[in-house]
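Peer 1: Those protein sequence lines, which keep their order, are chains A and B.
The letter at position 259 of the first sequence is residue 259 when you use the numbering used here, and the numbering goes up by one with no holes.
Take any residue in the second sequence, note its place counting from 1, add 1000, and you have its number in the numbering used here.
No lab work stands behind these hints, which were simulated from the structure alone.
These numbers come from a predicted model, not from an experiment.
We treat Cβ as the ideally placed atom computed from N, Cα and C, and that holds for glycine.
What follows is a set of in silico ranges between Cβ atoms, one per label pair, in the way DEER data are often shown:
#, chain 1, residue 1, chain 2, residue 2, range
1, A, G313, B, N1255, 18 to 28 Å
2, B, D1135, A, E366, 30 to 40 Å
3, A, N321, B, N1371, 53 to 63 Å
4, A, G313, B, S1047, 44 to 54 Å
5, A, V286, B, Q1149, 15 to 25 Å
6, A, N321, B, S1075, 25 to 35 Å
7, B, K1052, A, V110, 45 to 55 Å
8, A, G313, B, F1245, 28 to 38 Å
9, B, I1352, A, V110, 19 to 29 Å
10, A, G313, B, H1249, 20 to 30 Å
11, B, I1352, A, G313, 50 to 60 Å
Examples of chain A residues toward chain B, derived with CB under 10 Å:
#, residue
12, Q117
13, G313
14, N314
15, D338
16, S340
17, A343
18, P345
19, S347
20, V350
21, D353
22, V357
For lysine-lysine, the following DSS-like pairs were computed, each having C-alpha atoms within a straight-line distance of at most 27 Å:
#, chain 1, residue 1, chain 2, residue 2
23, A, K113, B, K1283
24, A, K113, B, K1085
25, A, K113, B, K1360
26, A, K113, B, K1084
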Amino acid sequence: MIKRTQSYRLLAMGCGLVASVVVADSVGFKSHGDIYAEACAYGRGPTAVAQAQAQATSELATFLQGAALREFQRSADSFSSVDNEAQISWLESLQQGSQSGLSAQALPVVLGKPYIQGNDTCVVVTLPQGADADSVSDDGLQWDDAAAEVAVVVDGEGWPSKTGQTARQIAEMDGLKRAVSQVVGVWLQNNFTQYSNSEFAQNNDDVQESMRDVLAQQLHSRSDGFVKRWQLLDTQQLPNGGVKVTLEAVVAQQDVAQASNDLLQAIGSPRVNVDAPEPLRSFIAVWLSENGIEVSKTAPLTVTAFGDLRRRGNNASLDFNVQVADLSGNIYGKWRNDPSLLALPDSDMVMNDLMEVHLADPTQTEALQQTLRQAFMKVVAQGGMVHEIKIARKYMASSQELPGILRTIGGVRDVVVGGDSSTVLAQLRYNGSAADLASALQQALGPVLNGPLPQAQFENEFQILFL
Amino acid sequence: MQLKQFKQISVSALAVLVLSACQSTPAEQTSKTNVTNRSSQAQVARSAYDFKDSDIKIPAYFDTQGLDRCTFDPSNENDGCPLKKPVVRMYFGGTDVGGEGQGVQALREYDDNQLLMMLENQFSGINRFRIITQDDDLIAAEKETYLEQQGARDLAQRASAERVLKPDYVVKIDTLRTVKNEGSITGWMDYTLELTSAVLNPFTRELMSYPNLGKVRVTSGDVRERNELKFIMANNRYVSGFRYFDSAHVNAVINDMASRGIDILLTRMLSEMPATAQVMGIKGNQVSLDRGQNAGVLPGETMIIFQYEAGFVEPIGVAHVNPSRNSAIGEITQWKNSDVAEQVENVAKNGIYRPANGVKIFAVSVGTPANFLENRT
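Isolated chain A, as found in the complex (with noise of 0.2 Å):
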């Protein structure tokens, strides 16, 4: 509720207030010509504060739309010490801006010290003579998406590798890869609202600074088509053999869309088994489902829960965890709730109870989700999902240069090779389908092989077996 005061006579001796004309009960003229104007609202604190700022702000619009010229020109020879010229100025132009949809937020008033009156809170605005309201302008990074090309300027840093690799080359290339991250940073960020309604609702540039990381790494290892054309703009040497280089280079910007894209949606909708027992398996697989994420048994990554109640006095709270895994065991995420939320009578239906009161906490959820997500963009970090190879030893001439053919397949990471007597087991990670995988060995493994290798079976996504 809020209320004007009726004396502002009182008011100015009560504050030590200068000396002012009054025009009306809590709005008027200071004696160098400020216009000054007093509210109170009921209470205590910010809220009261704000509101009677609110209110006196109200008020000091109010009469600059018709009274206050009115009453400065009636009473212009009390203001010995103001231009009037001025002054009449620069409250037409007020009166004209609050005619034309000035707001009273848009005033830059100044407020005085709150002051306390019974159960009210009462506060002075004041515009300053001369003060005018200012316009906000605002600007942005802007994408442009009918462009098919855009132009970034990068530097690069590189030293002579052992692998033969001149420092130049290094830092061209280093080059080319910053340009391609800098396009998917500015796509991103162009993109996020439209994931963070979605699937992918990122809250700190961390993740998305990560996020581009993992985007351009990927991009870069997939295809070095991104970028156009490019040029020397300068060279500078660095310590210890070190080249530093400048490039303009040009970069397919609906390319590298449509790739971030396609890694997006690879990350954001994959396929999870989920174990854990009823009815928590249940939950979490609608749970899922609903979140973009599908459910199902061949699926390479295991989404595992388990729940247990916590039993105090009479009362049960759940403490409830989810981890994401990979078939071999590799961990890429970890989920605790937050038991502390709450307890309710110990019940046949307790579990039940509890579990969809945790899952329906927007805070918690978006927890879950986050790490599951992390998770998804830590296997794609990693370069892809473990895949488990199995050769009959009777298709190989040597396993000993197995290791070195696999490491040449576009995608391919992280490759150990062992096995028993009978077979040949390579476990790499590869950041695509198995099909893809089993084709692109079939080409790439003939030096190693004393024959042509049989039509590829396969175990389930992860596993390609050649027996």
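Position chain B relative to chain A; hints supplied.
Peer 2: Chain B alone, transformed into the frame defined by chain A:
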């Protein structure tokens, strides 16, 4: 001449005697007193209307902190704000009754839990602490009903937005219960309950020195006539009278004793932590205070109005104060007979007196309001 010399010698001797007497007399700064084990009594403020001029003095523990630093947000209040109250959880501690004997088993069966709920309720009303209830069953039952009626999403949002307060301290009430019986054929039970309270930081384990509520002793004689606790034995077996072995009957007596003990604790708390407010203005006999219920000002509070300047206090008068939510209004029933009070009274008679130029006027309560025990306990 001889007479004159004699006079001089006698005066000198007298002086030496006086001096030597002064040197040998010890300073008496303490006195001996008996340690009492009588039951404790409640102490309440006298009504402001009954004050005499000589009664208008500043009580202990007055506070002169203004509201300048307050944010008025209870969950995020500035440490320097006088409206900030410690968040506490209350416990009953050390309630075991040892030994064997007539009526001991029934006394042992007394359940403190309901007493704890009563204590929480009574202490929350005086607004000196913010209390986190220990009534887990009630809270869990209510949330279950809420889940049933409002749904999981609503419950989750509410539970996640309104988290349980974090306690700053623990208020612990230790009780010592004893029983003795007297007589042989016709005997009577005599119960004693001693309460002490402590405020402690559960993490540093520091027992705070303030508020110091001392010890409260209640005997069964305070709440029951002695013959109500009388019983008759024959051949060492109970025949009639007070059923000292029946926990329900014993509980009734102990409950009354505990209730009385808590009332006395409350009155001591109100004296130990008096309500203080700043005077915003005085008009006639009416004073306007900047705090009310939010600072623990109770209805019918007797408050001393005093001027505070440069570390010195000058009592101005005594007022009967009634609070509203954020402020309070009082009536000065007696002005102090002093120059300062007269100056203020003269200005207030002709308009509104507002403290200015570094002078501040405060009001401090003198303890439990006179009608508190009648109306609130």
